[in-house]
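Read in order, the letters of the first sequence correspond to residues 4 to 610 in my numbering.
Take these hints with a grain of salt, some might be off.
Stated by the list, open to error - Listed next, the in silico DSSO-like pairs over lysine-lysine satisfying Cα-Cα at most 30 Å (straight line):
no.: 1; residue 1: 160; residue 2: 80
no.: 2; residue 1: 229; residue 2: 265
no.: 3; residue 1: 481; residue 2: 424
no.: 4; residue 1: 481; residue 2: 186
What the hints assert, rightly or not - Pairwise CB distance ranges, derived in the manner of DEER restraints:
no.: 5; residue 1: 442; residue 2: 96; range: 14 to 20 Å
no.: 6; residue 1: 315; residue 2: 417; range: 38 to 44 Å
no.: 7; residue 1: 108; residue 2: 577; range: 35 to 41 Å
no.: 8; residue 1: 52; residue 2: 574; range: 30 to 36 Å
no.: 9; residue 1: 257; residue 2: 358; range: 26 to 32 Å
no.: 10; residue 1: 505; residue 2: 279; range: 27 to 33 Å
no.: 11; residue 1: 609; residue 2: 52; range: 25 to 31 Å
no.: 12; residue 1: 574; residue 2: 444; range: 21 to 27 Å
no.: 13; residue 1: 609; residue 2: 377; range: 46 to 52 Å
no.: 14; residue 1: 108; residue 2: 414; range: 56 to 62 Å
Just so you know, the hints here were simulated from the structure itself, not pulled from any lab data. Just so we're clear, the structure is a prediction, and the values are computed from it rather than from any experiment. We put the CB at the ideal spot given by N, CA and C, even for glycine.
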Amino acid sequence: MSHASGKPAKMLLAQSQAQFLNRQMNLPFDVAAYLDATLLATAANLGLTERGFDPEVRVADPAHGDFQANGALAFAKREKQNPRTVAQQLVDPLEVLREHFDIALAGPGFINFRLKPPALLGWLQAYDSEEHLRAGAANAHAGQTWVVDYSSPNTAKQMHVGHLRSAVIGEAICRLLAFTGAKVIRDNHLGDWGTQFGKLIYGYKRWVDDEALLTQPIEELERLYKLGHAATPDGSPELEEARRELVQLQSGDPKSLALWKKFSDVSLAAFEQIYARLGIHFDHNLGESFYNDKVERVYRELTAMGLAQVSEGALVVFHPEHPRFAKQPFLIRKADGASNYASTDLATALYRTEHFKADGIVVVTDFRQADHFEQLYLTARKWFAAKGYHVPALHHVTFGAVTAEDGKALKTRDGDVIKLKALLDEAEERAFALVTAKSPDVPEEERREIARIVGVGSVQYADLAQNRSSNYVFSWDKMLALDGNTAPYLLYAVTRVRSIFRKAGLDPARPPVEGASAPETPQELVLARKLVQFADAVKISTDHLRPHFLCLYLFELAGAYSGFYAADKVIVDDPAVRARRLLLCHRTLVTLETGLHLLGLRTLERM
RNA sequence: GGAUCUGUAGCUCAAUUGGAUAGAGCACUUGGCUUCGAACCAAGGGGUCGGGGGUUCGAGUCCCUCCAGAUCCGCCA
């Protein structure tokens with residue numbers, strides 16, 4: 004090797020080292036996870052990890068820092084050591100972090116980390132688009148397949164307000180899982196099989212109005228079911244006739260099946276109209292009927308392995324180790340030999356595991372089914388493990404009831420359940436009135452479009468913004484309010500950012516941010532810190548399958564932006580200041596829109 | 001009868017699941033637009049976290065026990 008070629012080689016080496024160091028200078032997407040890993044490595048060098056040290060890094064109260072590590076406290080307690088000494092031991096070797104963070108010990112042994120302004124700038128420069136945010140978040144569930152079962156209405160009935168939460172929460176969860184790298188399969192587990200079809204066919208054969216069936220199919224089917232139900236009182240010969248219709252259907256009579264298929268098709272077409280407005284599209288509509296021929300295997304395998312037993316003529320599963328389900332049976336086949344909800348749900352869990360190769364299954368229903376799903380999952384885990392099947396993560400995502408402001412069930416003035424279509428229509432009407440009042444100069448066609456996005460988005464957001472465990476009080480005034488943790492407030496923040504770019508004649512997709520200096524004013528710093536926390540918001544929302552964490556984050560981000568907007572003028576003469584403020588505006592826009600899209604909302608140019 | 005969930009400011013809700021002085025919005029009081037959208041911002045008052053015990057460095061969060069509401073508990077889904 005010549006002298007001449009040696010020098011460039013050395014230079015190349017130095018260059019690559021510099022590049023490596025340069026890469027090291029950029030913080031990763033999830034700063035909390037980075038701190039956690041660094042502390043864990045430090046603890047390992049000190050020999051603390053084999054004694055179970057966990058750094059416990061989380062986002063901190065801004066008064067203390069950006070992130071805090073609480074692990075020294077729990078560890079010191081267990082090991083009967085002084086927590087401050089443990090924390091000090093951990094902090095001393097952390098020179099590598101001091102480039103980016105101010106580090107301080109506080110209280111009984113908290114370790115506080117505050118990002119330095121240049122580090123904030125570096126992070127914001129790296130994560131500059133929805134695509135890059137997605138790439139940063141995508142390793143959490145990379146390579147995994149998740150089946151999400153939500154919405155799941157009954158065919159031949161209109162969707163009503165009770166169906167809203169499952170659809171909205173389920174879709175947000177799908178998007179969060181997909182954003183964090185999972186392959187998501189959206190499965191609508193329709194209630195498309197059961198005893199009600201006997202009465203429906205009975206009514207259909209006598210009173211169907213073909214005209215109405217074309218124009219208002221589900222309304223007509225509901226009318227026919229009500230007629231059929233009223234005409235077949237208990238003990239009557241008419242009821243016997245309805246039962247014969249059901250037996251014919253279940254035994255596979257082609258004419259009955261064709262009728263049933265027709266009911267399913269018109270129902271699905273009507274559901275699709277609602278789903279389109281909510282931004283939902285299912286990959287599969289595998290309802291209960293799909294599992295009809297798959298329940299025999301459930302009976303056979305569970306009986307063979309001794310998990311299921313016959314009791315009072317029915318096939319049931321007990322869980323002797325469980326305080327409740329040792330006594331409370333899981334009834335998987337009725338005494339008359341018919342399948343039920345439990346039989347088809349077991350078959351469904353198996354199908355999702357075998358056919359879709361699910362690593363995780365999420366079912367989104369209201370809290371009343373909690374017992375059922377606890378028994379279902381207990382049974383499925385034992386069954387799959389015993390047979391050597393893959394055992395996916397099984398989650399039942401529950402939510403509380405929707406009530407009126409008096410705490411009672413939400414009803415129309417006539418006492419009927421409020422239909423989902425009527426609810427969305429009213430949301431759009433109310434939003435239209437609001438937009439017209441606030442922006443009378445916008446052309447009507449655009450106001451209509453704005454009203455669709457604001458109206459439906461408000462309904463979605465109001466549902467998502469609160470912890471799903473509690474009951475949800477439905478209030479038009481609160482969900483369409485312009486301030487507070489609402490869709491209009493967030494959408495308004497988006498339009499304000501866009502307006503700056505529009506007024507300045509700049510492309511919001513490629514803002515001129517070269518030469519941006521690090522954030523400096525109090526409002527810039529608050530906003531920049533909030534932007535970096537997006538990673539944490541996505542993580543906790545996904546980990547807990549609770550979208551309200553993301554909502555709260557977006558609300559705080561919009562608040563930080565509004566504070567910044569009021570305090571710091573963006574279009575100023577100083578090029579470095581203007582560039583950094585444009586950068587903050589742009590990252591706010593990207594983060595707000597990414598977050599709102601994750602929740603299933605659409606965003607606006609102006610409103 | 002057994003069990004699960006819920007109970008936080010006048011109202012509607014948070015609190016990253018055991019962390020630092022329990023936070024927002026509405027309502028109320030006050031201040032801020034000839035200046036990038038005031039559908040906004042800034043500031044203020046408002047709490048025995050249903051009651052009572054316990055666990056520990058530390059509890060709205062965990063345990064026990066009452067009170068109130070909702071829900072589930074063998075042939076609906």
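Need the list of violated hint numbers for this structure, in ascending order. When the structure is compared with the hints, numbers 1, 4, 5, 8, 11 turn out to be violated.
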